[in-house]
Amino acid sequence: MNRPLRAALVSAAALLCAVLPAAAASPHTQASVGPAAWPQAASDLRADPDIRFGVLPNGMRYAIRKQSIPAGQGAFRLWFDAGSLDETDAQQGLAHFLEHMAFNGSKGVKEGEMLKMLERLGLAFGPDTNASTGFSETTYMLDLPRTDAETVETSLMLMREAASNLTIDPAAVDRERGVVLSEERARDTPGYRVVKERLAFWLKGQRLPTRMPIGKVEVLRTAPASEIADFYRRWYRPERAVFVAVGDFDVDAMEAKIRARFADWQGEGPAGVPPSEGRVQPRGPEAKLVLEPGAQLSLQVAWISPPDHAPDTRAKRRRDLIENLGLAILNRRYATIARAADPPFIGAVAYQFQQEDEAEIALVSVNAEPARWAEAMAAAEQEQRRAVQYGVFQAELDREIEEMRAMLRAAAAGAATRRQVELANEIVNSLADDQVVTSPADELAFFEDVVKDLQAETVSPALAAVFQGQGPLVFMATPRPVDGGENTLLATFEASRARPVSPPEAASAVSWPYESFGPAGKVAERREIADLGTTFVRFENGVRLTVKPTRFRDDEVLVRVNVGDGLLDLPSDRQSPAWLANAWIEGGLKKIDTDDMERVLAAKVYGARFGLTDDAFAFTGSTRTGDLPTQLQVLAAYLSEPGLREEAFTRLKAAYQTAHDQLESTDGGVLNRDLPGLLHAGDRRWTFPSRQEIAGARLDDLTGAVLPHVEAGPVEVLVVGDVTVDDAIAAVAATFGALPPRPEPRPVPENARKVAFPKGGGAPVVLTHKGRADQSIGLIAWPTADYFANPQQARETAVLGEVLKLRLLDELREAQGATYSPNVGVTHSLVWPGWGYLAASVEVPPGKLPSFFDDVARIVANLKAKEPAADELARAKAPRLERLQKAQLTNQYWLGELSGAQADPRRLDAIRQTLPGTRKVTAADVRRAAQAWLKDETAFRIEVRPAAGAAAAP
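Residue numbers for the sequence shown follow my numbering, so the first one is 119 and each next one is one higher.
Don't take each hint at face value.
Result set (DSSO-like, lysine-lysine): computed pairs, CA atoms no more than 27 Å apart in a straight line [claimed, not checked]:
1) K1004 x K234
2) K375 x K228
3) K709 x K877
4) K1038 x K877
5) K234 x K877
6) K1053 x K375
7) K966 x K877
8) K570 x K434
9) K184 x K1004
10) K982 x K966
11) K228 x K322
12) K234 x K434
13) K1053 x K1038
14) K872 x K984
15) K872 x K1053
16) K966 x K1004
17) K872 x K982
18) K184 x K406
19) K314 x K406
20) K322 x K225
21) K234 x K872
22) K982 x K1038
23) K184 x K1038
24) K228 x K314
25) K1053 x K966
Think of the hints as simulated: they come from the structure by calculation, not from any bench.
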């Protein structure tokens, strides 16, 4: 179990790593548990006593839990034991297509009305209203902003309509084809193609590789509505369904509502019969090489075994826990290798998972530079074999036990304040593999029972047993050809296996050298911001502290440390070193490296990240209440004594070597790479580094630009969460308050605050990608203003953005079926005077780009000419208001919004006015905002089109 914010891998490596199948086990059907029974009926595990589990006479199961934090919110889920594996050859992709049709008309709700009904209640399409389809399951999700009678009854009604009352009208199906095909285009990336090849190699002769959920393009284009309806009748049946309700409501009353809504549901016609998924085949060592330009080199060695159908019991969980502890030790060894000087790979990890009901897979996965694949494979293979041959040390095991214990204790301490959405998803995530939903307290107690007196002699053979099964199967995806192809790949692997490995060396004892920073600092000033529940503190050394105690999450405390002025401190004509920022954390500290730090602090929960923001160099971390002193010690050490080791920089640079190839392989990758620089008129503080800049980068590019500001800039510490003001002051006084004096925040010169928006009104800027020929993106952006120029107008413009998104959804998705989801974004800077924008974008085939710009022009003209109708304005404002209110009940919101507020108190008024200012926006305000900003002569347009010679569409 890994610490959430530990910087074990730099974010670039994580961003660019190969996509792997989901690790969650998902048996499609299990003989151990009947179709209408809960898994605890066949287990010695105690189900979470706070959840009421039930079964209706028709076979539909339900799970209900009361959770009043946050007050008045809820989450509904309708889950089906049905997915793409159940499709016939003629239905490939229709399980997912059916999911789309659930939003397109039923007996009780005409086409196009469902989303509008939910918008009026404050649910936004996407964040609050969504669905997903996998190989063996389909889930419908509604996140309720309120649990009043109208919202609950409407949501239950809509879920019941999805269960058996969909009309699946042929005309509606035809209109939706373009939306589904848009989703297929967006998914078809190098990483996705590698996944398909990998699954076909691992699961040779089995069903799953032939049933990717997105399906086949030809089926999506031509399948009649009757095929979707056939799948619907056969597989959407009460005995295959589970309804989950978590929220601030009475459990008895909710149970009665569920029974009233779903008790009359009966399947129509013959039920579907689960198809055979095939068996794991006997195989010896094999190799598969896939050449995929635009993919990062990734290599996996897999061992394939039959799926485990045993019920979820204490014995099974004990076995899994012991195996996972062994794997954690191996992964720690991999991390140590990756952090060494001139490492053979960028990163490596070992784990095991069950792939649906087809196979159990043990895996070693490696990311490396393309030219060093052989060296990387040998190093990973030999380290895995070393662990199998010689086992693990007791000290290694004790360390992993301590870290896992810390995380489980934190989970148990925070269990009472888990969000409704988290709890609902936890129940849903247990369904496909028939897991018993257990409480965090019971999970902690079970863990302690297993690890009591647990010895390395027990873990070592368990780890060795993980790597049994058919194979090993060596799979490599590479952007560059390999001489000799698969023969070379297999021969290199076998040559590595023939080399003997030596026993591992035990690590030496270490201690944490940053417990003391000198005499604790003294408070020079303290003042209360009573209406926001916030305290401002200034220490004698100039360090400022902002504390906001909350009860949003038990035992959660977030910390942010702002130093200097961030991008404001950097020149506009030199490439920003922001892409190198993670080397700061991975480089460890002067007195201890990252590996030893993680080892000595294994019993603590802490985090460390570093990044460049508009107005600060920011260190952040997340901890539990009792570990706040350690969290602050870690961040104070990174501020005052960073290690800045060359090895961390080299590893990060290696991860970026193929970044451009990967980004250029899709239209979205190109836009994400180039858009920030374009919208800042080429200012190098926002551009992505060129290939030449990546190749020629030096550690000094980071330290030279950033270190002087970190060493001498003003310091602001923010502490938000489950902590008292006095405890936060004491912990900061002992760390940041004890540092040498820091200056007061200084006004930034006006010339440093200048940033431009690109000139509009001309022809679109055309970017090209190397993906499919039917992939393209259109974007149009209008400059607005910074937030403080006119805060209320900024809020009015934000609501205008919501109205524009509704119009684009109605036109491009609902009416034309042209795209999956158009995007609209609104930004008003708090830092850069005069800078802000409203933008709309869409993914469509290249031939439809002109019509997108025409549609936007027509919609904009209407917005400028007429006020939006009352219903449309309500549907735009309600989800936005609910989203803002939800955000204000999180520690993350306050950590971000209070940042910089001591130096700029206008930010406090921005917090105070966010909700009332949004509520007061009128239809006339929206029209005036459209007239003020949506001008053709300022509109900046971008087209991302396929390059010449792009791959043909399927």
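Here is how each hint holds up against the structure:
| no. | hint | result |
| --- | --- | --- |
| 1 | K1004 x K234 | holds (20 Å) |
| 2 | K375 x K228 | holds (23 Å) |
| 3 | K709 x K877 | violated (50 Å) |
| 4 | K1038 x K877 | violated (33 Å) |
| 5 | K234 x K877 | violated (37 Å) |
| 6 | K1053 x K375 | violated (51 Å) |
| 7 | K966 x K877 | holds (25 Å) |
| 8 | K570 x K434 | holds (17 Å) |
| 9 | K184 x K1004 | holds (18 Å) |
| 10 | K982 x K966 | holds (24 Å) |
| 11 | K228 x K322 | violated (44 Å) |
| 12 | K234 x K434 | violated (47 Å) |
| 13 | K1053 x K1038 | holds (25 Å) |
| 14 | K872 x K984 | violated (35 Å) |
| 15 | K872 x K1053 | holds (23 Å) |
| 16 | K966 x K1004 | violated (37 Å) |
| 17 | K872 x K982 | violated (30 Å) |
| 18 | K184 x K406 | violated (50 Å) |
| 19 | K314 x K406 | holds (13 Å) |
| 20 | K322 x K225 | violated (43 Å) |
| 21 | K234 x K872 | violated (42 Å) |
| 22 | K982 x K1038 | holds (20 Å) |
| 23 | K184 x K1038 | violated (34 Å) |
| 24 | K228 x K314 | violated (38 Å) |
| 25 | K1053 x K966 | holds (22 Å) |
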